[in-house]
Amino acid sequence: MQSSVSLTISGLWIERGERDLCKDFSFSAQSGEVVRILGENGAGKSSLLKVIVGVISPLEGKIVYSGEDVTLDRNPLQRDAIYIGHSVGVKNLLTVAENIRCYCPDVSPETLDTVLKQLDLLDHIDALVRTLSAGQLRRVALARLWLTEKTLWLLDEPFASLDVGAIALLEERIQLHVSSGGLVVLTTHQDLRSLSCRDVALLS
Numbered sequence: 001m002q003s004s005v006s007l008t009i010s011g012l013w014i015e016r017g018e019r020d021l022c023k024d025f026s027f028s029a030q031s032g033e034v035v036r037i038l039g040e041n042g043a044g045k046s047s048l049l050k051v052i053v054g055v056i057s058p059l060e061g062k063i064v065y066s067g068e069d070v071t072l073d074r075n076p077l078q079r080d081a082i083y084i085g086h087s088v089g090v091k092n093l094l095t096v097a098e099n100i101r102c103y104c105p106d107v108s109p110e111t112l113d114t115v116l117k118q119l120d121l122l123d124h125i126d127a128l129v130r131t132l133s134a135g136q137l138r139r140v141a142l143a144r145l146w147l148t149e150k151t152l153w154l155l156d157e158p159f160a161s162l163d164v165g166a167i168a169l170l171e172e173r174i175q176l177h178v179s180s181g182g183l184v185v186l187t188t189h190q191d192l193r194s195l196s197c198r199d200v201a202l203l204s
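All the letters of the sequence shown, read from the start, carry residue numbers 1 to 204 under the UniProt record's numbering.
Among these hints, one or two may not hold up.
[Unchecked claim] DSSO-like mimics (lysine-lysine), calculated; alpha carbons at most 30 Å apart, straight line:
id, residue 1, residue 2
1, Lys-50, Lys-91
2, Lys-150, Lys-117
3, Lys-91, Lys-150
4, Lys-91, Lys-117
5, Lys-50, Lys-150
6, Lys-62, Lys-150
7, Lys-91, Lys-62
8, Lys-62, Lys-50
9, Lys-23, Lys-50
[Stated by the list, open to error] What follows is a list of derived Cβ distance ranges for each label pair:
id, residue 1, residue 2, range
10, Ala-134, Ser-28, 33 to 39 Å
11, Ser-6, Thr-111, 28 to 34 Å
12, Asp-191, Leu-128, 32 to 38 Å
13, Thr-111, Val-164, 40 to 46 Å
14, Ala-134, Asp-20, 28 to 34 Å
15, Asp-20, Ser-87, 23 to 29 Å
16, Pro-76, Ser-194, 30 to 36 Å
17, Ser-194, Asp-120, 18 to 24 Å
18, Asp-73, Ser-26, 18 to 24 Å
By construction, these hints were calculated from the structure, which means they are not laboratory data. Fair warning: this is a prediction, and the values are worked out from it, not measured in the lab. Idealized CB from N, CA, C, for every residue including glycine.
Whole structure, please, built from the sequences with the hints as guidance.
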């Protein structure tokens, strides 16, 4: 993990259809922070994360990552980032283990077992994910956060469908990540119990 990273968004203008989601939006964040993007449903929170990671393009604005302008080329940011969208993004015809190995092909069997045990998924390691509950599917997707070495985490509603125990576990994992120099930008409607974060309002 890098010793220090930063993210600066300035003058961002995002449009969906013919409606402005945000215009002239700016914020900055750095290592050791959890930034929670606030806004009403449809305000563009998910679109903002997609713009940051480069899935969609804004009409205007500048994105600087760790001092490098990545507005036109997100590759430097993408190499250092993990993005988990609101959709769990798992492959229904694969097992739990196969899904995780799609994203983390070098994970050892021992490490995989340890992570799945923490997430209460070890008993389902060979189950097709299409047979799992919504909460279990979310935990399969989030398992990547226990295995990644990426510094920048972009998480869209990561607590959705999780029970109280899984929420606490994820809050602990996020806090550990930022304590070791990571940066997390997330959206959530969940009332966070123990996770300290800085709120940034997304207004059109």
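Now for the hints, and whether the structure bears them out:
no.: 1; hint: Lys-50 <-> Lys-91; result: holds, 21 Å
no.: 2; hint: Lys-150 <-> Lys-117; result: holds, 22 Å
no.: 3; hint: Lys-91 <-> Lys-150; result: holds, 22 Å
no.: 4; hint: Lys-91 <-> Lys-117; result: holds, 21 Å
no.: 5; hint: Lys-50 <-> Lys-150; result: holds, 17 Å
no.: 6; hint: Lys-62 <-> Lys-150; result: holds, 22 Å
no.: 7; hint: Lys-91 <-> Lys-62; result: violated, 34 Å
no.: 8; hint: Lys-62 <-> Lys-50; result: holds, 14 Å
no.: 9; hint: Lys-23 <-> Lys-50; result: holds, 16 Å
no.: 10; hint: Ala-134 <-> Ser-28: 33 to 39 Å; result: holds, 35 Å
no.: 11; hint: Ser-6 <-> Thr-111: 28 to 34 Å; result: holds, 30 Å
no.: 12; hint: Asp-191 <-> Leu-128: 32 to 38 Å; result: holds, 33 Å
no.: 13; hint: Thr-111 <-> Val-164: 40 to 46 Å; result: violated, 26 Å
no.: 14; hint: Ala-134 <-> Asp-20: 28 to 34 Å; result: holds, 32 Å
no.: 15; hint: Asp-20 <-> Ser-87: 23 to 29 Å; result: holds, 24 Å
no.: 16; hint: Pro-76 <-> Ser-194: 30 to 36 Å; result: holds, 33 Å
no.: 17; hint: Ser-194 <-> Asp-120: 18 to 24 Å; result: holds, 19 Å
no.: 18; hint: Asp-73 <-> Ser-26: 18 to 24 Å; result: holds, 20 Å
In this structure, the hints that do not hold are numbers 7, 13, in rising order.
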